[in-house]
Structure formats: C-alpha cells, structure tokens
Amino acid sequence: MSKRKRKKREAVNFDVLQQIQPHAAGIDVGAEEVYVCVPPGRDEEQIRQFATFTSDLHELAAWLVGCGVETVAMESTGVYWVPLFDILESHGLEVCLVNARHLKNVAGRKSDVADCEWLYQLHTYGLLRGSFHPPDEIRTLRVLARQREMLVRYRSAHIQHMQKALEQMNLKLNYVLSDITGVTGMAIIRDILAGEHNPERLAQHRNQRCKYSEEEIAKALTGNYRREQLFTLGQAVALYDHYGQQIAAVDVELAKLYATMDPPDDSLPSTMPPQPRRSKPRKNQANFDLATSLYQISGVDLTQIDGIDALTAQVILTEVGHDVRKWPTVKHFTSWLGLCPNNAITGGKVKRRGRKKTDSRVTAALRVAAQSLARSQAALGAFYRRIKARHGAPKANVATAHKLARIIYYMLKQRVDYQDPGAEQYDEQQRQRAVRRLQKQAAKLGFTVQPALPAHA
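What the sequence shown shows, in my numbering, is residues 1 to 457, in sequence order.
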C-alpha cells in the first residue's frame, strides 16, 4: 500500500526576515494609562507613557506624527481602544487593530512596557494581522443596531417577570394565549392592573383569531390575586412599556441615519425589486421601512434570501457593511465568520476537528436564520433537510449558515439579486447527481444502470 504523497513545503528563512514597516509603532492600551513604543532614534525616549484623558491622547498622536510614525498597532482591549483609535485616525495615522488572541509574548516578560515593545517589533516585521473595522458611517449604524438589540433583550426579561407574577397568582394566561404581549394579552393584563378581576369580563377581550373560547380563557383567569404580585406585575408592565418607547426612539434615529447615507452605486435603481414572497412579520420589527432603507445603502435586497428578514439583514450590514472587498474570496469571508472547518493537524494527522470559536453577531444571526429553514419549501430548506438526514441537526445548521454566508457575499460583491430555484428543483438536481454517481460506479464494475420499467397491470 503506497503512502500518500505529501506536499513539499519550504522552510521559512528567518535569517532574511526584514523590516517591512520601518515607520511603525506599538501601543499597549489600558484603562488609565497608555504605553507607546516608537522606532529607535526618533526621540530621546523610545517608550513613553501617556494618560487616557482626551488631551493626553491628542498629545500622544501629535508625538507619533512628530516621530515620523505612519502606522500603529494596538490590541483591541475591551472598549478602551475606541477613543484612541478615533483620535489616531483623525491625525492621519493608519491603525492596525489586533485581536489579543493572536498575540503571544515570551514567557516571563509580561508587562505594559514589554507589551508595547512586542507589538512594535511584530508590526515592524509585518507579522500582525489587523482585525476588520468598518467605515465610520457603518460604525455609527452598528452602535445603534446593537443598542436596539440590547433594549429588546431587556424588554424580553420583563416579559418573563410578567409571566412569573401571573403564574404565582395562578393566572394561566400563557396557556390559553400564544403571546401574552399581543393585543389580547396586554388588554387583559392592563385591565387586571386597573382593578378588574372578574374572569368573564376579562375574557371578553378575546380576539376572534384566538384558539381558545371565552369560557376557557375565563377559566384560566380565575386566580388567587395578591397585592404584592399585582405590584410586581405593574412594575414589569411599566418597564416593558418603557423599553418599547426606547426601542421606538432608536428606530427614529436609525431611520434618520439611513436617510443621510449615499447608495454604493448611482447606477443602481432606487426602488426595491418586487418581493416574490412575504414571511410572517417577526416580533420586534422596526417602526419604519427597514428593508427599503437597507436596500438603498447596499444596492441589494438581502430579504430575498429565505430565512433572512429585515432585522437579520440589518445585523449583517451594520456589522460587515456593504463592501466585502476586505475579504478577497468567499472562503476568507466564511473563515472570518467561523463557519468553516478549523482542524488541528499534527504530524500529518487531524487531531481535532471543529470550527473556530467566534462571538460574531453575524454568525449568530445566520445560524438563527438557518434554523428557521427546517420546514421551508425553498431550495435552502431542502439543503438543510438533506444535511440533517446525513449528519444531524447541529451540522445541518452550520452548513446552512455557511451557504447563507456565501450567498450574501456574492450578492454584496456582484450586486445581484437572489433567485430561489425551489425545493423541487433542488431535489431533482440531487437525484440526477446520484444517478450519475451510480452510473459511474457501475461502469467501473462492468455494469450498466437502466431506468426501471413501468409495472404492467
């Protein structure tokens, strides 16, 4: 049995390692102080310490410019790097923001001074890979989009508080209503807080689309009312309403920002393409036409993709932006998202299989979108079910999220619309592929494959 030929790899000649960026500097960022290392001979002090007040950061940037520094490397430590990043950019310096996971120092040399010097050395030799950082207008949208997500999470917590208070009074409202924050549910809860505890009168708020009858709802609303639980229920409702108002305020600000942004290409049509399908409206949707706003800033309608609604598209575009040329190929893009294999290979053998760990909001949004395709009659739904049958639901979720990422990358890069072939056409393509595979295997064994003849009566 012959061994597989291994690729010949040339060893790196470290003797010829040269400085690629002679005008580089390294910065170690902290909460109260910043340490900066510049090339030797640029100033009397090669390493200086600065405070983190705004005036000190401007002094730091001016000192770097005076030392002839053109590019700066620093770690993305918490949020401490954000003001320094903006100030350095405003002074015309190129900033290389580095993920702290990608850096390793020599054991026993951990200090702020050593860190900034190590960053300087690595950046000088071009050994640092900068993290993705979108343009300023996308960063502004990202802050507001993340704020909105946070407010939605906070409001969801108070829904749980409402359910807890109702349950402790033995009011089984969540058993007879699919959503207690719907029109019927909130009308009943507000009446309870107003002092109405008669179950028959409360049940009259029933909407005609409710599954359960008024009698069943009245039975569920016969409870043990307690003063302290009514008080906590009232606070939960007040906080729920408060966060709803704050979400609406964020939507107003987002709509203003979208209106001020220019389209990526003047040749693109200003109106969205016709929508072939409309999914059920998602809870917590924006209070303005978000899909149209996203189309105007990106030139493509990502909601054409099955599983992607306007809020998911907003997560993608506010985290990535509409220009994906930062990633040379789709493989770079899916690798950045952690949606491709990250196998550990030692001695030519795979020691560990798995994906790269990531906390990307885009990855999380795509995986949620992939999960929603489990029963879809689109081609993506058929793909999900095929992978699930072979490898299980978790791998099908990742594989479908990977496919969604590839579609999004090509749509943004080539400014093209998405055309869904449908589940039937996808299944037929898979069938034809299986037939060709069987014919090829049969030919190797000296057989032929013929279609089955119809059974005679």
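Hints listed in this document are in silico derivations from the structure and should not be mistaken for laboratory results. A virtual CB, placed ideally from N, CA and C, is assigned to each residue, including glycine. Any given hint could turn out to be false.
No more than 25 Å apart at the CA atoms, straight line, and that leaves these computed lysine to any residue pairs for SDA-like [to be verified]: (1) Lys413 <-> Cys340; (2) Lys388 <-> Arg431; (3) Lys172 <-> Tyr240; (4) Lys356 <-> His332; (5) Lys283 <-> Leu445; (6) Lys388 <-> Val330; (7) Lys326 <-> Pro263; (8) Lys326 <-> Ile20; (9) Lys172 <-> Thr140; (10) Lys219 <-> Val152; (11) Lys172 <-> Pro263; (12) Lys211 <-> Pro263; (13) Lys413 <-> Ile138; (14) Lys326 <-> Lys164; (15) Lys219 <-> Ser178; (16) Lys164 <-> Phe231; (17) Lys219 <-> Arg209.
Distance windows between CB atoms, simulated [as the list claims (entries may be wrong)]: (18) Val252 <-> Phe132: 51 to 57 Å; (19) Asn342 <-> Arg153: 25 to 31 Å; (20) Glu214 <-> Glu428: 47 to 53 Å.
How the hints compare with the structure:
1. Of the pairs offered as hints, the one joining Lys413 and Cys340 holds, with about 20 Å between alpha carbons and a cut-off of 25 Å not exceeded.
2. Distance hint between Lys388 and Arg431 is fulfilled; the C-alpha atoms sit about 17 Å from each other, no more than 25 Å.
3. A threshold of 25 Å between alpha carbons decides the hint, and for Lys172 with Tyr240 the separation of about 20 Å falls inside it, so the pair holds.
4. This hinted pair checks out: Lys356 and His332 have alpha carbons roughly 13 Å apart, not beyond 25 Å.
5. Taking the CA atoms of Lys283 and Leu445, the gap is about 57 Å. The hint is violated against a cut of 25 Å.
6. Straight-line distance between C-alpha atoms of Lys388 and Val330 comes to about 24 Å, which keeps the hinted pair within the 25 Å bound.
7. This hinted pair checks out: Lys326 and Pro263 have alpha carbons roughly 19 Å apart, not beyond 25 Å.
8. Among the hinted pairs, Lys326 with Ile20 is consistent with the structure: their alpha-carbon atoms are about 21 Å apart, no more than 25 Å.
9. Among the hinted pairs, Lys172 with Thr140 is inconsistent with the structure: their alpha-carbon atoms are about 43 Å apart, more than 25 Å.
10. With a CA separation close to 32 Å, the supplied pair Lys219 and Val152 exceeds the 25 Å bound.
11. The straight-line distance between the Cα atoms of Lys172 and Pro263 is roughly 50 Å, outside the 25 Å bound, and the hint therefore fails.
12. At roughly 46 Å between alpha-carbon atoms, Lys211 and Pro263 are farther apart than 25 Å, so this suggested pair is violated.
13. Pair hint Lys413 plus Ile138 holds up; C-alpha atoms about 17 Å apart against a cutoff of 25 Å.
14. Pair hint Lys326 plus Lys164 does not hold up; C-alpha atoms about 48 Å apart against a cutoff of 25 Å.
15. With a C-alpha separation of about 16 Å, the suggested pairing of Lys219 with Ser178 holds against the 25 Å cut-off.
16. Under the criterion of a C-alpha separation no larger than 25 Å, the hint pairing Lys164 with Phe231 is consistent with the structure, at around 12 Å.
17. Of the supplied pair hints, the one linking Lys219 and Arg209 holds, its CA atoms being roughly 18 Å apart against a limit of 25 Å.
18. A hinted range of 51 to 57 Å for the beta carbons of Val252 and Phe132 is inconsistent with their spacing of about 29 Å.
19. Hint check: Asn342 to Arg153, Cβ distance near 29 Å, so the stated range 25 to 31 Å holds.
20. For Glu214 and Glu428, the Cβ-Cβ distance of about 50 Å falls inside the hinted range of 47 to 53 Å, so the restraint holds.
This entry does not satisfy hints 5, 9, 10, 11, 12, 14, 18, going by the numbered hints stated previously.
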